[in-house]
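K.L.:
Residue numbers (our numbering), protein chains in the order written: chain Y, 14 to 435; chain X, 3 to 415.
Hints should not be assumed to be uniformly reliable.
Selected chain Y positions facing chain X (Cβ under 8 Å, derived; list incomplete) [said to hold, decoys possible]:
id, residue
1, G252
2, I347
3, G350
4, N411
Residues on chain X that point at chain Y, a partial pick, calculated with CB under 7 Å [said to hold, decoys possible]:
id, residue
5, V92
6, W117
7, Q200
8, T220
9, D257
10, A266
11, D270
12, A327
13, S342
14, Q345
15, P376
16, H399
None of these hints come from the bench; they were simulated from the model.
Keep in mind that this is a model prediction, so the values were computed, not measured.
Ideal placement from N, C-alpha and C gives every residue a C-beta, glycine not left out.
Given next are the chains, with one letter for each unit.
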Amino acid sequence: MPANTPTGPLAPFRVLDLTNELGQLAGRMLAELGADVIKFEPPDGDPARWNAPFYHDEPHPERSLFWWTFNHSKRGVTLDLSRPRGRDLFLQLVDQADFIVESTPPGAMDAVGLGWETIHARNPRLVMTSITPFGQDGPYAQWRATDLIGAAMGGLASLCGAPGRPPIRPSAAQGYTQVSAQAVVGTMIAHYHRTRTGRGQRVDQSMQEAVTFTHDNAMPTWDIRGINITRPGNGRNIGGYWSGQYVFEAADGYVAALSFGGLFGLTARQTIEWLDHHGMADDLTSEEWLAKLDASQGVLIPPGGDDSDHLIEVLAKFCKRFTRAQLVAEAQQIRNGWGIVHTPADLLQNEHLQARNFWTELEHEDLDETVTYPGPWAKLSATPLSVRRRAPKLGEHNQDIYSGLLNLSAPDLANLKSAGVI
Amino acid sequence: MTDAQLPDDVFAGIRVADFAWVGVGPLVSKYLADHGAEVIRVESSVRPEPLRRAPPFVDDQPGLDNSGYYADFNSSKRCCSLNMQHPQGVELAKRLIAECDIVTESFTPKAMRAWGLTYDDLRAVRPDIIMISMPMYGSTGPWSMWQGYGHVLQAAAGISHLTHYPGEEPIGTGVAYTDFLVPHFAAAALIAALDHRQRTGEGQNIDFGQLEAALHATETMILDYTVNGREQEALGARHLDHAPHGTYQCAPRGDDDDRWIAIACTTDDEWRALAEIAGRPQWADDPRFHTRFDRLSNQDQLDALLAAWTRAQPAEQLMQTLQAAGVPAGVVQTPEDLRSDPQLAHRGHFWMLDHPAMGRRAYDGPSFRLSETPANLHKPAPLLGENNEYVWKQIAHLSDDEYVELLITGALE
């Protein structure tokens, strides 16, 4: 169950969150780490409130599952930063904040008088993290990018999909996930530095560069072998060697049947014994095949060509005959790191995640619903992370923040509202 | 501290015993090393770190000090060797850990338990130690002893379910995706814990289950199931909300006919600008493509028209033209493209470092720029056991005689 009191390592700290869909996970990770994260929205709402999918497929700014996901555990206020009064209120909150995390285009914060120099002069301890598609400066800094463009320009799309067919991307936005998570690392490094020295700094985070981190071994393979690894379809490519298909159809779905070093890899002998135990090793028990596959003293370069085709054929036949659970449980017994290709339903029913109390329930009292969310992403013994509350409704915490932190009176708030500032 | 490490690096004075291996663990400690921590990899030639045995190898010559895969993940670190099977292996590990602030490991949970190197054991040696364990499925639960790799975990975490051509088998990304996802979550938690220790003096244990962090890559898919009971399907390169949204083949570059551009129009204005650039302004007024909903309903026709047009355009030039008109577009960049990308060059993403066995090679730096304390990849990846004498004599305080004795008896293999 959610803890109302923050217990995480950032419990003493406050974050002003000015992110859009690009960076909303970053603010949320800081909230899970315990910080008091205040999400700012323009008075007409954050555009991410209109991102699909929606609760019961009803498009509505309080029912976007995207919004719910990336803004839970935050408090929410509205503020028009383009107005002088809005800017003034924001700067008063800067005095009481430890972090800003924002994802406006380069120069946009300066344009409203809230650029890094202004912020830094106002609160020299503050760490300001700016998340953009390509970074604060450079030839592409002003370019537009969605998640797909980030996946393309950072190199991930060229490694996703099948040869001769269009590059694809994961249908859940990984450019946004990557840039947000990496921004939090940069933010934590700056935070630690501040704790030691008292000095804040600017974190300039690029989505393109964050995606570049996902190349696996493609960059050293280009650097060292001059080979452009391309999208391997159903398989993996290690150092320019295609290691063979590894996703196979089981009797009840799919398994990921990879061993270290390729299809059979370091555990080739055990795998063949296992297949043989089920009478399905084909000719792999021959001395010739054992010699070919016994990589235990060797190097992790997988067999190619006809050999690879034959191994795939044997494994495909084998996997088709058993359930995913049986295949993976038996594979793990011989130290083969196979896994189940999970669907969302599989994940929610998974006994392991349940045993670890992974899932978290959040109340959506306005809908009279309790919704199951993914729980925290690490278990810290002394300062546990927590998922604290559902995402804020539009302007839900205006009074808490503007009266609670800035001591504005009820008439002040009413005036700000009628003037369209909040 | 070497000359190249600066005393005002963020993590100066922080020492890490890095028992982690392969992808996830070394990429966590790389963040610390590249920002000034003294990260000591603890490895063994008896059971070598698997990535040292993985290609690409310089000159295609396999060798434990010749893997580019290993090197890229281990910049700025030192390395000592230690044979944990030796009778004195565990004791030596504890002597080293007593001088460290952080211990990292990514084995299945039974390894540290068997060696008596759990958090409770280590806290007795160093009360304020921070330990992070990063097994595939976490330290507890029915699957905790299971092994895995990034390719498999992306499948287990539901990422492969969303990464394939519509209606086809769930191939996932072509990389060990979670190896390049979960280290950021682990590093964020670890540095936050280090900051907590700096402020309070309190160390702690971090049980980091890679699966649980990876599940944060597909959260709206999970909520669509828990809220709406829907199992989302993979869309290839398409999008629930926007069209056109895809990758389109471009003109060949030399003899390379695998050039693609990604285009994502998120507004009607962007779509109209695209139609103008294509010289077909009538597309924007075509009732099949007029509004976002029209375009989403007629994506097959829309994509066919676009693909026919892009096929004659050089990808780089088309990207420049579309971006100049405010249309989100980008070349599907290959590794070769990334090395010559002007934006990545401007940010200094790749660091060229001279490795004694591998020569001058490119390493990835972090993707963020810190204004006061920028990353400093101050040395290439270490050779196996490169810093044995320094680590065991100066850090673990072994005498000359003890050190020689351990060398002779194989404790440092």
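K.L.:
Report holds or violated for the interface hint on X/T220, using the least CB-CB distance to chain Y and a cut-off of 7 Å.
P.N.:
Because about 4 Å separates X/T220 from the closest Cβ in chain Y, which is inside the 7 Å limit, the hint holds.
K.L.:
Grab the minimum C-beta distance from X/Q200 to chain Y and call the hint holds if it beats 7 Å, violated otherwise.
P.N.:
Holds. Min distance 5 Å.
K.L.:
Would the hint on X/H399 stand, with a C-beta cut-off of 7 Å toward chain Y?
P.N.:
violated (27 Å)
K.L.:
Against chain X, with CB atoms and a cut of 8 Å, does the hint on Y/G350 hold up?
P.N.:
Status holds, d = 4 Å.
K.L.:
How about Y/I347: closest beta carbon in chain X under 8 Å, or not?
P.N.:
The hint is violated - Y/I347 has no Cβ within 8 Å of chain X, the shortest such distance being about 10 Å.
K.L.:
Is the hint on Y/N411 kept, meaning its closest Cβ partner in chain X is under 8 Å away?
P.N.:
violated (26 Å)
K.L.:
Hint check: is the beta carbon of X/W117 less than 7 Å from a beta carbon of chain Y?
P.N.:
violated (18 Å)
K.L.:
Should the interface hint for X/A327 be scored as holding, given a Cβ-Cβ cut-off of 7 Å against chain Y?
P.N.:
Interface hint status for X/A327: violated (10 Å vs cutoff 7 Å).
K.L.:
Under 7 Å is the threshold here; is the Cβ of X/Q345 close enough to any Cβ of chain Y for the hint to stand?
P.N.:
Holds: closest Cβ of chain Y sits about 4 Å from X/Q345, inside 7 Å.
K.L.:
Let me know if the C-beta of X/D257 comes in closer than 7 Å to any C-beta of chain Y, holds or violated.
P.N.:
With a minimum Cβ separation of about 13 Å from chain Y (threshold 7 Å), the hint on X/D257 is violated.
K.L.:
Does the interface hint hold: is X/A266 within less than 7 Å of chain Y, judged Cβ to Cβ?
P.N.:
holds (4 Å)
K.L.:
Take the shortest C-beta to C-beta distance between X/P376 and chain Y; is it under 7 Å?
P.N.:
Status violated, d = 10 Å.
Of the numbered hints listed earlier, those contradicted by the structure are 2, 4, 5, 6, 9, 11, 12, 13, 15 and 16.
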